[in-house]
Structure formats: structure tokens, C-alpha cells
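Colleague: Sequence:
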Amino acid sequence: MNPKILISNLNSSASIENGELVSFVNNNEEYIHQKGNKGWRKSDDEMFPVIGPTSKNNFRVHTKNGDAIQDQHGLLRELNYDLVSYDENSANFIKKYKKGTAIKNSKFPEKSSEEFLYWTYDFTFEKKFLLKDDVLTIDFIIDSEKNMPFMLGYHPAFLLSNTGKETFVANDKTYNLDDVYKAGSNAFPVLNSNKIILKNIDKNNLEITTKGFDNFMLWTEVDNMVCIEPITQYTSYTDQIFSEENMHLSKGKNSFSVAIKPM
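Residue numbers for the sequence shown follow the working numbering, beginning at 1 and rising by one.
If you are wondering where the hints come from, they were derived from the structure by calculation, not from laboratory data.
Computed from a prediction, not measured in an experiment: that's the story for all the values here.
Ideal Cβ placement from N, Cα and C applies to all residues, glycine included.
You may find that some hints are simply not true.
Distance windows between CB atoms, simulated [as the list claims (entries may be wrong)]:
{"hint": "1", "residue 1": "Gly66", "residue 2": "Asn192", "range": "32 to 38 Å"}
{"hint": "2", "residue 1": "Asn11", "residue 2": "Gly212", "range": "23 to 29 Å"}
{"hint": "3", "residue 1": "Lys107", "residue 2": "Glu17", "range": "20 to 26 Å"}
{"hint": "4", "residue 1": "Ser185", "residue 2": "Glu115", "range": "22 to 28 Å"}
{"hint": "5", "residue 1": "Lys64", "residue 2": "Asp143", "range": "14 to 20 Å"}
{"hint": "6", "residue 1": "Asn18", "residue 2": "Ser55", "range": "25 to 31 Å"}
{"hint": "7", "residue 1": "Lys251", "residue 2": "Glu115", "range": "29 to 35 Å"}
Whole structure, please, built from the sequences with the hints as guidance.
Modeller: Dropping the structure here:
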């Protein structure tokens, strides 16, 4: 287990525990949902190499290297991060996977019939935090053989006022928590956008901008937190067929970025 790491500057700080962003404070205001409070049991996570539930596809993903077994949102979250480096303003983590390696599925047997998961390609997955001025940037770098199919999603959870009055602005449209609630477990899609603004009630607004994702989805079941999730693909409009024809294909080295900025 890696120790909790604090990166900071004059007005801001971020705490990272085993690669998970557990706090982002700006001018003494916390913006990240705290584990243990009602809502989601985590503060952030990643979805890779698939997004969404795979049960309708018998937990199989079809690739040119053969079928892989994947549970909802992929096997990356079952792997542990290793700390690569850190300093006052940055921290870098990595996960490595060898193709065909069986990974214990934490959802088994209560929520899944699959005890072990595996992928049909090698990959490394880097997560890099950089705090500069009042902006926290999280970069993701995926290294694999060319044409490996994948989807990628980042899954951070943000604090809300518990009033139910927060709104979200993207593509010159405004959405509210009722929209998110109605979407349920599918999550509410905000497509073809690389910027979304969370309009807070009791603190500064939060601007989230991305590179490489091009879509968001919003999810919550409570008024005190919301997950604002940059995604490469939204898989809940139809019965998703999990095959590489419906996925991104790796360039070999693939970079994605998320910037979180209080306004």
C-alpha cells in the first residue's frame, strides 16, 4: 500500500491515496466527495478497457486476440497502482497488466457470476496528477500494442450542497439533478463536449475540461454528491455489443487529460 500523498501550493492542495484522488481543496473549500458519507463508496476511479455493464454480453468482449472476460467498467479497477514518483506539486502512478492474467473479480459472487477477469492484450496505465496554480490536472497515458480495442472513462465524485439545487452547463445547455436522477443507473449523457461547469450553491463553481474524451456522463442517487465522468463512449443508449468494432483502437501510446478548476 502506498502512503497518502499531499501535493499543494499557495491556495490549493490535493490528497491521493493509492492512486485515488480523495481530496481537492481550494481556498479552504473541499470539492471531492468524502468516502464514508452517503452516496458512492469511492472518491474516484477509472473505467477501462470497457465502460458500462457487460452482463448482457455474457461478460464477454470480442477482440481479434480472442474473447476476454470483463465485468462492469472493466478490470483496471481490480489492479493496484504503484507509485512512480512525487514531489510538492505532482504525483505519478502506474498499473501494469500482462495479457491473459486472471484477476480476481471483487463483484463475485454477490453481484457477478464471473470469479476471474482477464484481457487479451498487455498494457500499462499511467495516472499523473499535477497541481498548478488553482488547477488540478489528471493525465492518463495508456501504452499497448497498436489497434488494441478499448474504452476509457474517469469517474470522480464531487461534493454538493445537499439542497438538490445544483445545475450543470455544457454545450450552452443547462441540466439539473432531476435530469440525472431520471437517467438512473444508465447515467445522464452529455455528449460531444469537452467542458462542463458544475454550478455550486455553497461554494465556487467548478469547471471540468478534458482532452481526448469528448463526452461526459453524470450519475448520482443523492443530493450531497455527483459523479461527473469524462468518457470516450456512452454505452447505455442501446444494448451494447462489446466488440472492438464499437471501441477505440489504440495508437500504441494514448493520452487523455482532465483539468478541474474552481471558478
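Colleague: Could you run down the list of hints and mark each one as holding or not?
Modeller: The hints, checked one at a time:
no.	hint	verdict
1	Gly66 x Asn192: 32 to 38 Å	holds, 33 Å
2	Asn11 x Gly212: 23 to 29 Å	holds, 28 Å
3	Lys107 x Glu17: 20 to 26 Å	holds, 22 Å
4	Ser185 x Glu115: 22 to 28 Å	holds, 23 Å
5	Lys64 x Asp143: 14 to 20 Å	holds, 19 Å
6	Asn18 x Ser55: 25 to 31 Å	holds, 28 Å
7	Lys251 x Glu115: 29 to 35 Å	holds, 33 Å
Hint violations for this structure: none, all hints satisfied.
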